[in-house]
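If you read the sequences in order, they're chains A and B.
The numbering of the first sequence is our numbering, which starts it at 908 and goes up by one.
The numbering of the second sequence is our numbering, which starts it at 11 and goes up by one.
In case anyone wonders, no lab produced these hints; they're calculated from the structure.
Cβ atoms here follow ideal geometry from the backbone N, Cα and C, with glycine treated the same way.
The reader is advised that the hints may include incorrect statements.
[Stated by the list, open to error] Residues from chain A shown here face chain B by an in silico Cβ test under 10 Å; the list is partial: (1) Met943; (2) Leu971; (3) Arg998; (4) Val1003; (5) Ser1071.
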Amino acid sequence: MAAGGTMSGISGDAVVSLRDVHKSFGATEVLGGISMDVGRGDVVCIIGPSGSGKSTLLRCINALVPVDRGEIVVAGMTVTSPTLDKLALRRKVGIVFQQYNLFPHKTALQNVMMAPIHVLKRDRREVEELARQLMRKVRLSGKEACYPGELSGGQQQRVAIARSLAMKPEVMMFDEVTAALDPETVKEVLTTIRELAEDGMTCMLVTHEMGFAREIADRVYFTDRGVIVEHGPPKELFGSPRDPRTREFLEHVL
Amino acid sequence: MVAEWFRQLKESANVNLTIFYDRFDGLTYLNGLATTVKLSAACLALSVVFGIGGAWLQRSGWAPLRWLVNGYVAFFRNTPPLAQLYFFYFGVGSIMPLIPDGAGGTHRLFDNFQWAVISMSLFAGAFNVEIFRAGIEAVPKATTDAAEALGYSRFGAYIHIVLPLAFRISLPALNNNLVTMVKGTTIAYAIGVPELLTASATIWNASTNIPEMMNVLMITFLALVGILVVAMHRIERALHIPGYNR
Ligand SMILES: Nc1ncnc2c1ncn2[C@@H]1O[C@H](COP(=O)(O)OP(=O)(O)OP(=O)(O)O)[C@@H](O)[C@H]1O
Ligand SMILES: [Mg+2]
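Can you make the complete structure from the sequences, with help from the hints?
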């Protein structure tokens, strides 16, 4: 097992590396030894039954949840080190949640502008220009002055993506971002993510959209009860799953 | 001319509103009004500061700080406000050091007006702590998670996200408490602060027009509270978020 505080044993070109990550909530073990490497520009999808620890995994990667054991390195920073600079980490990793969690008292544009101004202390005018550009990127030009409560779920989710992008992260994580949306708006959000991936953004997606995972992922990880059961290119994992647990899960969802 | 009309009113209908024609009573009452307004404004501002500060400290990671706030809230919520006023003015006030006034004499660190502000702000502030606490707890964890994931510190998230939302959620309860507080400023009568009740009593004792002054006092408070309610309503409307209803 790798020692904490160094980058020992983790390959150089991975943007996100996990080694034997363990996490329990009380007596329940939620992550039971997860290892994975995500290279720059990779798009990986994590699939698996409810409660298998997918959300917890993403939350460990940006230190919203502390791990019990193991090592996580993101963009050269050891997340599991006690001296971790959380702000520096969160500049590198963006996360978008299922419940978009926009700040309801601010307009769409302000939502995108807030963190760069408050957290990064960047110049307001520069940030506004960036924010307008990002609103165009997620195809929401014209909605800048709307409050979250005035936007559809899909529109809110795209604002949430723009808000994360405004921090100029190296890795974007998406936690079932389409699960709360109606089918109409799912497509808009998936389009946004697809375009991001095509631009070369490193993406980690937890998703129930198997069709999308198959289309977009470089690699798919199947998790069950806190461990990675198997992983591989989508063609292999969806086409000829090796483990019976994977097969059973896929039969259920496909 | 107005004074003349009220003098006539006394002669013809035996309604003796001295404050409108007697210069001394008029000034006494105006001074009472000004004092009540100042007292209310000071308590309003301070009690909101105590409420916000207390609610913040209550979430501190350091247990003794939380106990301190909880103790403060329990003490001021569960003891009579009049007893608290006496406690400060006669109790704490008497053991405070006297300040030399430079002319050979001494004076107290705080006068009765200031003690009234301190005591009543702490009292209303204890309720405000609870009100803001409820508002903060009503802000979804998911919202603070999002702030944290964007790199906000706990304090930064409190200032920019939690507090603005919690404040809006708290407004109706805060309105009630502030109205109660303004009405409650009359207890300052007990330590001789020349506020409206004290002024009215001075006037009706001298001019023996108790029924008239009672009515004037009540109407004045109705107007004061009415102004406060309208102002709070304006704030509520100004802070309304389009499309946001909870
Ligand atoms: N903060 C927490 N405290 C206690 N238990 C938790 C906490 N967060 C998650 N859990 C538990 O950990 C387990 C895994 O949760 P997690 O949210 O990671 O699963 P998931 O794979 O994302 O599931 P889903 O597909 O339903 O989102 C669940 O049993 C959950 O109840
Ligand atoms: Mg989840």
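Task: Hint validity - leucine 971(A) Cβ closer than 10 Å to any chain B Cβ - done: Nearest chain B Cβ about 6 Å off; hint holds.
Task: Closest C-beta approach of valine 1003(A) to chain B relative to 10 Å, hint status - done: OK, holds: valine 1003(A) within 10 Å of chain B, min 9 Å.
TODO: Hold the hint about serine 1071(A) up to the distance rule: shortest CB distance to chain B must be less than 10 Å.
DONE: The hint holds - serine 1071(A) has a Cβ within 10 Å of chain B, the shortest such distance being about 8 Å.
Open item on the list: Given arginine 998(A) as an interface hint, is its Cβ closer than 10 Å to any Cβ of chain B?
Closed with: Since chain B brings a Cβ to about 6 Å from arginine 998(A), closer than 10 Å, the hint holds.
Open item on the list: Take the shortest C-beta to C-beta distance between methionine 943(A) and chain B; is it under 10 Å?
Closed with: Violated, about 20 Å.
Consistency with the previously given hints fails for number 1 only.
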